[in-house]
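Enquirer: Produce the complete structure using the sequences and hints provided.
Here are the chains, one letter per residue:
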Amino acid sequence: MKKLRIAIIGAGITGASIARVLSRYENLEVHLIDKNPDVGWGVSKANTAIIHGGYDDDPDKYPVRARLCVRGNRLWHQWVKELEIPHVWNGALVVALKEEDFDELEKLLERGRRNGVPEMRIVEGEELFRLEPGLTKEALGALWVPIVGQIGPISAVIAIAENAVANGVKTHLETEVTGIRVERGEVKGVETNEGFIKADIVINAAGLYADEIARMVGVDYFEIHPRKGEYWIFDEGIPGPRRVLFPTPTPISKGIVVTTEISGHLMIGPNAQDLPAEEKDNLATTREGLEEVWEGAKKLWPNLPPRDKVIRTFTGLRPEPTGGDFIIKAEEVWGFINVAGIRSPGLTSAPAIAYEVVEIIRRDLGIELVEKKKWNPYRRDITHFFALPREKANEFIKRNPAYGRIVCRCNKVSEGDVLEAIERMKFLAIKTPSVDSVKFRTKATTGTCQGSFCRPRIIQILAREYGVEPWQVTLKGKGSEIGIGDVKVLLRREA
Amino acid sequence: MYDVVVIGGGPAGMAAAIKAKELGLNVLLLDENDYLGGILPQCIHPGFGIHYFREELTGPEFAHRLKERLKELRVKVKGNARVLSIENYSDLEKVVTFVSPEGIFDVRTKTIIYAAGARERHAFEIGIVGDRVAGIYTAGEAQTLMDIYGIMPGKEIVIVGSGDVGLIMARRFALEGARVKAVIELMPYPGGLARNIMILRDFNIPLYLSHKVVEVRGRGRVKRVKVVKVDENLRETGEEFWISCDTLIISAGLIPNVKLLKEVGVEIDPATGGPVVNDRLETSVPGIFVAGNALVINDLVDYVAEQGELAAEGAKEFVENEGIGTKRWIRLKRGQNVRLLAPHYLSGERDVWIYARVSKPMENVAVEFPEIGKRIRLPVVKPAEMLRIRLRKKEIARAKGAITMEVVPL
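Protein chains in written order, with my numbering: chain A, 12 to 506; chain B, 26 to 435.
If you are wondering where the hints come from, they were derived from the structure by calculation, not from laboratory data. Do not take every clue at face value.
Unchecked claim - A few chain B positions that, by computed beta-carbon distances, are all more than 10 Å from chain A: (1) N51; (2) H89; (3) L170; (4) I222; (5) R353; (6) E410.
To be verified - Below, in silico cross-link-like pairs of lysine-lysine (BS3-like), each with a Cα-Cα straight-line distance of 25 Å or less: (7) B:K341 <-> B:K96; (8) B:K103 <-> B:K341; (9) B:K385 <-> B:K425; (10) A:K340 <-> A:K209; (11) B:K101 <-> A:K499; (12) B:K251 <-> A:K291; (13) B:K399 <-> B:K101; (14) B:K341 <-> A:K403; (15) B:K248 <-> A:K489; (16) B:K251 <-> A:K320; (17) A:K320 <-> B:K287; (18) A:K13 <-> A:K385; (19) B:K180 <-> A:K499; (20) A:K489 <-> B:K180; (21) A:K291 <-> A:K14.
Because the structure is a prediction, the values reported are computed rather than measured. The C-beta atom is built at its ideal place from N, Cα and C for all residues, glycine as well.
Expert: Put into C-alpha cells, the structure is as follows:
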C-alpha cells in the first residue's frame, strides 16, 4: 500500500493530538515538526491548564469553539486514562459578586444547555460555601460546573507525543519551516532549516505562527495576534481553592482564575493584554500585569499569601485569530489544512480538533483511511519517586539504585526519574539537552527552592547521558547554555 | 535504637555527631550528598575556623578536619541518604525514614539533631520580572557550578545583594577573569562582613546602595537588567537605569530549611525562620534539637559548629534523664533594634550564648538586658554581623519573668 505522507507543523497540544489520532491509520506516514527543541513549548506550555466546561463559547459567534470544547471535554476523560496524564475533575464555580452578574450566569447556563452541557446549575448561600469554603464572603452565588477539570498541559503534550511516536509518528524537532512547496495547486512538502520534508498533506497547527505558515501557501484571510496573560504560582502548603474559581466573564476574557494547579500549588491568572502581531515572542512578565492579576484574584480569594511566598511568575500567549473562532478547514491549495487560531479553549478542544481533522481528510480531501490492526492507545506515565508507595519504591531501587538517589529535594525527584526522562527525551528525538525538558517530565526544579540545589546535578546527568560538556547543557534550548566554558576559559582568553 | 540521629552532614551536623560520640552516645549521621561537608566543599576561599580551630582555613579544609575526626571516632555515617520524614512516636522514641540507593529505611532513635542548613532566596521571591532566560543563578548555585563542577557561568556579572555570599562570589568571578559590573544592594548599607566588603575595593567593583534589580531582559540568555533607586522607606524613586550583562547572581539572603520540622509540628519563629528553641537548642518537640543555619542564619561557620556541639550536649542530657528536666523556662524577648535572636528560652541552669542580629546599623550602643541589669557597650552594630553574647547562669537567675534584649544608643 502506498502511504500518504502527512506533515504537521507545530508539536503543541493541537499538533500532537492530531498526530496521535492520525497514527491510527495504516496508510498514513505522519511527521510532526516543531522549531523548538521539545514538544509543547509554545502556547501549550503556559496557560491555565483547565479542561473547560463548554458553556462559555457563544455558538452563534464562535460555532467551532462551542462545538469542539464540549466534545473535547468528554474525550479528555478517556485520553487522561489511556495516556496516564495527571488530572483532576474538580469542577468550577463562576462567581457572581454583584446582583447584575446573575444575568450573565443565566446566559451562561442557557448557552451551556444549547452547547450540550446539561450538568450545571446556579448555587447560592450555604451550598456555595460548602463547595468552596475559602471563597470571598462577598460572593452572592455562582454557576456550578462539575465537569470542569484540570490537567498538566505540558505533561499532556508529552504523553500524547510519546504515544504518537510509539505508534509510528516521526518527530522533527528544532526544525523550522521556511516555506511550503506547492505545485499545480497541491502541496508537495515543507522546506525547513533541516532540509525538505516531502508531504501530500500539510497541517498547519503552528499556534501563534499559524498566519505566517498559511501565508506560505498564499492564504492570508486571517492574522494571529498574541494575547498576553500573566500568572503567579505560590509555594506548596498555601491553601488554595478546591474548585476552579472564575469571575463572571467579560466579552474579552474568562477573567482571572484562582485555582490549585495539578501539583497542589495555588495559582492565579491570567490577565489579558493584546499585543501587536509582531510580538509573538514577548513572554516577559510585567509588574503592571502581575499587579492586575493580584488585584483580580483577591476579589475571589481574599486569602492571598504574602508576596515572598511566590515561587514563580510566568507569561503565556494565546493566539487570537481574526474573527475569534477556531479556523479548522481544508484550504484552496489541495492538501493544506489550517488548524489555526486555537486560543482558549484550545487545550480542552485538542482531542476533538484531532478528530475534526480526520473528518476533513476523509470528507474534504476524499481520502480513504485504513485502520491499523494493532494500534496502541496506551502510554505509561514516567516514574515519579514522590508518588510511589513504599514497597514499589523499594522494588524500583532494587532494580536500579538510581531511584534511591534524590536529586530534587523539594519535590523528591530521584536520579532514576531523571534518567527515565532523558530516555523519553531521546525517544522523541530531542537533540539538545535542556533542564526544562527534564523539568517538564519530572517536576525537578519546580519546588520551593526553584532548582538552586538540583539544577547543577541535573546538568551533570544530562551532560553524561548526552555526551556533551556540562556547560553546553541548556536551560531551554540553543542560546540558553548554562555556561560559557570550563571555569578557566576566560583566563585562557578563549571566550 | 540510636541515642541520636543527626540529619545533615554539614559543619553543624558533623560537629554535633563528633561531640555526641565523644559524650558516649550511639550516633548515626545522615547526609543526602555522596560527600560530607554541606556547602563547605564549594567554599574554596579562606576565612573559616578562626574561632573553632584557632587558625584560618578554607571551606574544604574545615570540612576535612571534621571528617577526619568522624573517622577517628568511628562515627556511623550514611551518605546518599535523603530523609523523607520524621515521626514523633513519643518524647522518647522517634523514627527517621530515609531513602538511599540501598532502599528506604526506618531508624529508631531517642533524639534527633536536625542540621539541614538553609536555602537561598531566588529571583521570583524578590519580585524580579521580565524574560525567563538562562544566566540567572543564586550565588550558591553559581558557586556549586564553578567550584564543584568547574563550569564558568558567564563573563559580565551583576550581583544582587551585598551579603557575604554575594561578595565572595564577586571576588570569585573577578579572579576567573569575568567582569563584575555591579553589586546592587537594597538597603542603604552593605550586607556583608567588613572583611568581605573590602573585596569591592580590591577589585574595583561598583556598589549601588539603596538600589534594586526589578527586571531582566534577554532572549535565551540574560542581556540586561533594570536597576531602580529606592528611598529610605525602600520605595522606588523612579530613578532607573539598565546594565548590560550576561549573568545575574541573586544573593538575597538565606532561609532555614525547616520543612521536615514543620511537618512534625515544631514551632517556627517568624523572625529567624528557624524553630523556637531553648538553651539546649531543643525545639518545641521534646528530643528534637536543631543547630546551624537550620536554626538561625549564621555568618561564621565557627558558630555553626559550636551550635552543633551544644545540641549534642542537649541530646546527651536528654538521653541520660529521659528528657530535659528544666522546671521553669525564662522567655528571652526581642526589644528595640533586635531583629532576631536565639535561643528563645533560658533555663538559668547554665551559661548560654545568645545569637542575635540588629535591624539597623548603629554606632556607640549598649546591648541591654534591663530585667537582669546587664549592659554591654559596643562601638558599632550591623545587621550583617551576628551578635554573640554570653549570659551567665547567675545573671539569668536574677530574672523574675521574661528577659528582654535590646540595643540602645548611648
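Enquirer: Assess, step by step, whether the Cα of B:K103 is no farther than 25 Å from the Cα of B:K341, and give holds or violated.
Expert: 21 Å, holds
Enquirer: Given the hint that A:K489 pairs with B:K180, test it: the Cα-Cα distance must not exceed 25 Å.
Expert: 18 Å, holds
Enquirer: Over 10 Å from every CB of chain A: does B:I222 meet that, or does the non-interface label fail?
Expert: 24 Å, holds
Enquirer: Is B:E410 truly not at the interface, in the sense that its beta carbon sits beyond 10 Å from all beta carbons of chain A?
Expert: 24 Å, holds
Enquirer: Just checking, B:H89 versus chain A, shortest CB gap more than 10 Å?
Expert: Per Cβ check, B:H89 is outside 10 Å of chain A; nearest 21 Å; holds.
Enquirer: Tell me if the straight-line CA distance from A:K340 to A:K209 falls inside 25 Å.
Expert: Roughly 21 Å separates the two Cα atoms, so the pair holds.
Enquirer: Hey, B:K341 versus A:K403, does the alpha-carbon distance stay inside 25 Å?
Expert: 38 Å, violated
Enquirer: Below or equal to 25 Å on CA atoms is what counts here, so check B:K251 against A:K291.
Expert: 22 Å, holds
Enquirer: Would you mind confirming whether the straight-line C-alpha gap from B:K101 to A:K499 stays at or under 25 Å?
Expert: 38 Å, violated
Enquirer: Regarding the assertion that B:N51 does not contact chain A, is the least Cβ-Cβ distance greater than 10 Å?
Expert: At roughly 25 Å from the nearest Cβ of chain A, B:N51 sits farther out than 10 Å, so the non-interface label holds.
Enquirer: Check the hint pairing A:K291 with A:K14 against an upper bound of 25 Å on the C-alpha distance.
Expert: 36 Å, violated
Enquirer: Since B:R353 was said not to touch the interface, does its Cβ keep a gap of more than 10 Å from each Cβ of chain A?
Expert: 34 Å, holds
Hints 3, 9, 11, 13, 14, 21, counting from the list given before, are not met by this structure.
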